[in-house]
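Residue numbers (my numbering), protein chains in the order written: chain A, 80 to 627; chain B, 294 to 392; chain C, 273 to 990.
In case anyone wonders, no lab produced these hints; they're calculated from the structure.
Built from N, CA and C at the ideal position, the CB exists for glycine as well.
Be aware that a few hints might be false.
As the list claims (entries may be wrong) - Computed footprint of chain C on chain A; a stretch qualifies when at least three of its residues, placed anywhere within it, have a C-beta under 8 Å from a C-beta of chain C:
1) 159-169
2) 259-270
3) 482-488
4) 491-499
5) 521-528
Unchecked claim - Straight-line C-alpha distance at most 20 Å; calculated EDC-like pairs for lysine to aspartate or glutamate:
6) C/K925 - C/D466
7) A/K535 - A/E508
8) A/K535 - A/E455
9) C/K462 - C/D608
10) A/K535 - C/E461
11) A/K448 - A/E243
12) C/K796 - B/D388
13) C/K462 - A/E543
14) A/K448 - A/E192
15) A/K448 - A/E605
16) C/K675 - C/D851
17) C/K462 - A/E544
18) C/K667 - C/E461
19) A/K535 - C/E460
20) A/K535 - C/D466
21) C/K462 - C/D411
22) A/K448 - A/D550
23) A/K448 - A/D395
24) C/K668 - C/D608
25) C/K319 - C/D466
26) A/K448 - A/E543
27) C/K967 - B/E351
28) C/K967 - B/D383
29) C/K319 - A/D553
30) C/K667 - C/D608
31) C/K462 - A/E455
32) C/K675 - C/E763
33) C/K789 - C/E800
Claimed, not checked - Some chain A residues judged to face chain C by a derived CB distance under 7 Å, without partners named:
34) P324
35) T419
36) N424
37) R450
38) T453
39) S457
40) F538
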Amino acid sequence: MDAFLNGWGLTLITFVPLAGAVLVMALPRTQELWVKAAALGSSLATALLAVFLLARFSVSGAGELQYVVDRPWIDVINSRYIMGIDGISLPLVLLTALIVPLCIVYSFGHFPEPRNPKAFLSLLLVLETGMIGTFVAQDLILFFVFFEVVLLPMYFMIGVWGGENRRYAAIKFFLYTLFGSALMLVSFLAMFFLADGTIVGLEVARTFDMRALSGGATAAIARTSQLWIFAGMFLGFGIKVPMFPFHTWLPDAHTEAPTVGSVILAAVLLKLGTYGFVRVAVPMLPEAAAAWAPVIGLLAVIGIIYGALGCLAQRDMKRLIAFSSVAHMGFVMLGIATLTPFGINAAVFGMVAHGLITGMLFFLAGSMKDRYHTLEMSRLGGLLQQAPRMGWILGFCVMASLGLPGLAGFWGEFPAILASYNPAEILNEAVFRSYMVVAAIGTVLAAGYLLWMLQKTAFGNAREEFADSPDVTDASPREYLAWAPLLVLIVVLGFFPRLLHEATDPAVRESLQVEAVNGSPGNCLEVERGEECFERLRRVGEQAGSGR
Amino acid sequence: MLLNQFLVLSAVLFAIGVYGVLARRNGVLVLMSIELILNAVNINLVAFGSYVSSISGEVFALFVITVAAAEVGVGLAILLLLYRNRQSVDLSEADLMRG
Amino acid sequence: MGLQGIGVLAAEASAEIAHVGGWFLSNVWIIPAIPAASFFAILFFGKRMPRGGSEVGIIAVGASLVLALCTAGQWIGAVNGAHGTAVEPVVNRWTWWVAGGVDFTIGTLVDGLAVALLFVVTAISLLVHIYSTDYVAGDVRYTHFFAFLSLFTAAMLFFVLAENTIQMIVGWELVGVCSFVLIGHWWEEKPNSDAAMKAFLTNRVGDIGLLVGVSVLFFAAGGTFSILEINTRAIDGEIGHNLLLISALCLLAAVISKSGQFFLHTWLPDAMAGPTPVSALIHAATMVVAGVYLVARMYGVFFEGMVIAGSSINALALIGGITTLVGASLAFVQNDIKRVLAYSTISQLGYMVMALGVGAWTAAVFHLFTHAFFKACLFLGSGSVSHSVHSFDMKKDMGGLRKHMPHTFRTFMIASVALAGLPPLAGFWSKDEILAGTGGWGVFGATGGNGAYTAMLFMGMATAVLTAAYMTRCIYLTFFGTYRGHGHPHESGRRITVPLWILAIFAVGAGWTNLPKGFQIVPKSWTEQFGHYVEPVAAEHFYFPAIAHATPSWTLAIVSTLVALTGAGVAVAYYRRVDRRAAAGGAATELADGPTSRWTVARLGHRVLVQKYYLDHLYTGIVAKGTAGPIARGAYWFNQHGIDEVVNQAGRKAVAAGQVVYDRIDQQVIDGVVNTTGKASHGAGEELRRMQTGKVQQYAGVMFVAAVVLAAALLLVL
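Extracted from the complex, chain A is given alone in its bound form (with noise of 0.2 Å):
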């Protein structure tokens, strides 16, 4: 079992949704219970292997890459097949196998319009398979291709099953990402080309190899190329966070979406932007991000109180969870943003939560879409009479969003406020000090959006044009059944942060770490003053380098 899962393992995971998506574009379209059940097979299996990756993951070694697979793949330009796991990617990826099924299961029964189960579930399954990959890649060009894998899925999803208005979010999000990544896979190309791969012990110095870019192959590459480097993949990764002011496309994509496009897109996709960060652009060039942590920092506040004032100049309610994604984000991204171990263990641990939670709420909005037909705050009320339960499930799920201490948003929020207040050595601490109180005002602004949305949609008597509505009822069995795990895991990871934690914390202190600090593991940023470390860093590089 442990050699095939470490020979095999990632593969499976990665590449059985795609398998899945092929058998359900093979089944006939009439056929529609087969269609959904192969869906469901196939990503139930998807989960099943995650546990399975979960069960052999060995926690204590969570700071090294585990299931490794390592294989030639294009050897032109000396890309690999390299994919592995560590605590950082872990809790990733198994939230990824677990939305997916959950998604599933909440569109059994009913499809959006134009309906196509067969269709909108094989599109699903690749969309799983572009997301696992990009998690579990450590090939540069890989994760590259795994990134732009998911982009087409989601244009589909939002362009075909979408809103009145889909034509149009779709391109932008399409574009929008596009236009991202395209510097991005410069950013890279240039990396390729500077880095050193022979300083850690590559034979060759060109390499794609994210094990070797993060651990020092990067450290010969001049500093204003480093900046510039950064630059390109702060684009990238920063379109799809979204950070201020590169969030626009976010609440058009979300609202027109459909309420599994839009879970998907919250609980996951945003992710990728922060994982880049957190897996990429930190580790690879710690002394660019340092020198941009700054302006990361205070676009991530910007981003905080601004997609908060978005909020309450909302009309719809899906519009509002969306900017208030830009808001939450913004927390992610301050945590980034300091550079420390703890700040970006609450990264990752806010991207886990906001996961979680602005699923679940996009879940309930879509909800109460089929119920109502309109998301239009003024026109809704009265949630709590007439769906007694799933008024309750959005006021826990809006408690859990502004941050209440015991469910899982509170440990992605504080603790980034906590991070900023002590950034790295190598950072100006007075900015971030400031960047803190900013964000803590944030804290108040998400209160405020977020109770009165509730207010609005769940408080008061119901409204008459609804009031008589048949189609108003409490959640249903299979609505249950999608939201019961999310909403266990909020309560779970708010009383035991350790759980994510645990994995998380060495990976993270690992990926700051550069091999190369007087030839034992050390982490320039950390130390005073670290423009030294980082300028004697580069000549041991250049030494210990082929010369190029």
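Once you've looked at the hints, dock chains B and C against the given chain A.
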């Protein structure tokens, strides 16, 4: 050597050819004008070839004559079809490629 | 989770600090765990139970009360065994989670303060549970109500037992949410959900301070959340004064919002929209004192940060002092009985904060202790009244209830006297200690104290007058005169009156637990018992600062009693006059004359108060003061239109700003840029396609011209 006279002849032929290509509407005349241009080039080639006592000028001229023959063949075929479809060889009417 | 160790300061403890232990002290986590379990039990199974889940809540809280009493007993035994030396708090902690080198622990911290609060919370919660079985009987959400009472109790106990500041934040927010849910219990009405939101949001504003303050303290104290360590380091001078001041001010912001202190107190009166038992438990006895508890817990930080010793004013004392006055003056103009009590609570919380500000730590905690009982009694009493007359409006629907509701009347009287601070009831002893603690103001013969907080002494005295007067007004309007409501009022059932009597007994007796030292009537061993067991003795490297104690004097006691009696007496005289007029056909609730001569009368009335002259003028002066006085009116106006308006405007403006930002910047500028890029490339394409005429000769022309231009360029360049 009498290089200049050849060049002047060639330039005149070329100018006439260009005028024909740009100004005439009849497709056949345009094709003939193209022939004029090509022949202007041929004169140049041969003249320069004998001026520098090299055979390559004549060789190139032969190639050009061959290619020109082919080109006229294809061109006339197109014109023939055009005429069959439209009963006219007026080039200003043939604008199906408009963007 | 492994048990990491008992006692944070074990390594540093000198011989002066006694170590204690005991099963109840070490396993105190069970106390909040029981109501927490009860919450889930009621939530999931409550509806199927014969009494809708209330029985589970009562049993759970009862069990917690028993355990709290056992814990208190062990603590008392431990202090007795220490023979006057400092007793180390019993700390149990486990690692909760670790990330990036920061260790988050979870645990319990038991010392005298925690034990006192455990008792208060469980006792009052139990009584409120019993009371509620009658009060909310037949409510649509009976089961939910009890579930959240349980959750609130658990959260409050969790907060009280917090070992570190993170746990305090957790408990702090959880009680806030329970308060939100319970205020909005009847969310069908918009005012109720508005009030709930206002409470939660106002508290969130203060929470900014809490989050920032805790973060600052964490790093200032060298990377620890432990309350004991932070305090110890603050007292030992290991934290810079500026950092201490900043964190103390940040935490003060949290206290201001949670404990209804001046300028963020407006949520508390609105919170009366919730059911009355909730007001009694959450908005009088327990949750609102969380802020006071926070200051008392982190006293090392506040004591050093605010430089309480040897000063005459600081932010804490000033905020507290202003709050007492603002609260008390506003209580005059309320017609809603619960709002009177709410403003009274604000005023009394101000007392506690002021006491902490002047260094009278024990007095503050003691007042918290006594106040919890008599104020809960008052609230439950008002609930009992409204249960009977179906209204909270004193002027319209009450009056003359003393004959109809004898039990409620008697207990309400007792609690009011306790609140007014008349001996020998509970409020007198605690209030007197606070006044003494303001520092040696020679006139009243009190000595000791941490500084010369003369202004606070005056504020306290002024509040004492006002308190006695407005409570008299409240009692008169409710229980005396003639009944003005509809229907036939009747006494409430046993499940309401028994808790009332129990609380009334506490309102009488709670004060005797801490008789002052100079009180020669009782044996010496009876005095200062509460302080002895609750206040930690200062020692080297210890978490509690060496505060100076004030010695109360007979003079002070007599003066403060007289002051309170004056307030009550004036009000009584005024209302007897109202009664006479009413008999002659006048208004039953107020005097008709007076408004024209208001200002003079107010001034004269003050002189008369001292000189015992011009009695008639004095009575009319109270009309001014009591019902239409410009100060009270103005204060209320300021409250409603000034502070409250700012709050509302801030909300509205934020929405407006959001609208502007969204419409103008987001949709037009930022999104505009994106759209413009697309449009520009589309437009460029439109323009360029015109060149594509499809005419061969034009193409040839262009080609030729281009060739000529290039040839010319070639010639020119070469």
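Verification of the hints:
no., hint, in the structure
1, 159-169, "violated (count 0)"
2, 259-270, "violated (count 0)"
3, 482-488, "holds (count 3)"
4, 491-499, "holds (count 5)"
5, 521-528, "holds (count 5)"
6, C/K925 - C/D466, "holds, 17 Å"
7, A/K535 - A/E508, "violated, 41 Å"
8, A/K535 - A/E455, "holds, 10 Å"
9, C/K462 - C/D608, "holds, 19 Å"
10, A/K535 - C/E461, "holds, 12 Å"
11, A/K448 - A/E243, "holds, 14 Å"
12, C/K796 - B/D388, "violated, 118 Å"
13, C/K462 - A/E543, "holds, 16 Å"
14, A/K448 - A/E192, "holds, 13 Å"
15, A/K448 - A/E605, "violated, 49 Å"
16, C/K675 - C/D851, "holds, 16 Å"
17, C/K462 - A/E544, "holds, 18 Å"
18, C/K667 - C/E461, "violated, 24 Å"
19, A/K535 - C/E460, "holds, 11 Å"
20, A/K535 - C/D466, "holds, 11 Å"
21, C/K462 - C/D411, "holds, 18 Å"
22, A/K448 - A/D550, "holds, 10 Å"
23, A/K448 - A/D395, "holds, 11 Å"
24, C/K668 - C/D608, "holds, 10 Å"
25, C/K319 - C/D466, "violated, 28 Å"
26, A/K448 - A/E543, "holds, 17 Å"
27, C/K967 - B/E351, "violated, 35 Å"
28, C/K967 - B/D383, "holds, 11 Å"
29, C/K319 - A/D553, "holds, 17 Å"
30, C/K667 - C/D608, "holds, 8 Å"
31, C/K462 - A/E455, "holds, 19 Å"
32, C/K675 - C/E763, "holds, 9 Å"
33, C/K789 - C/E800, "holds, 6 Å"
34, P324, "holds, 5 Å"
35, T419, "holds, 6 Å"
36, N424, "holds, 4 Å"
37, R450, "violated, 19 Å"
38, T453, "violated, 20 Å"
39, S457, "violated, 13 Å"
40, F538, "holds, 4 Å"
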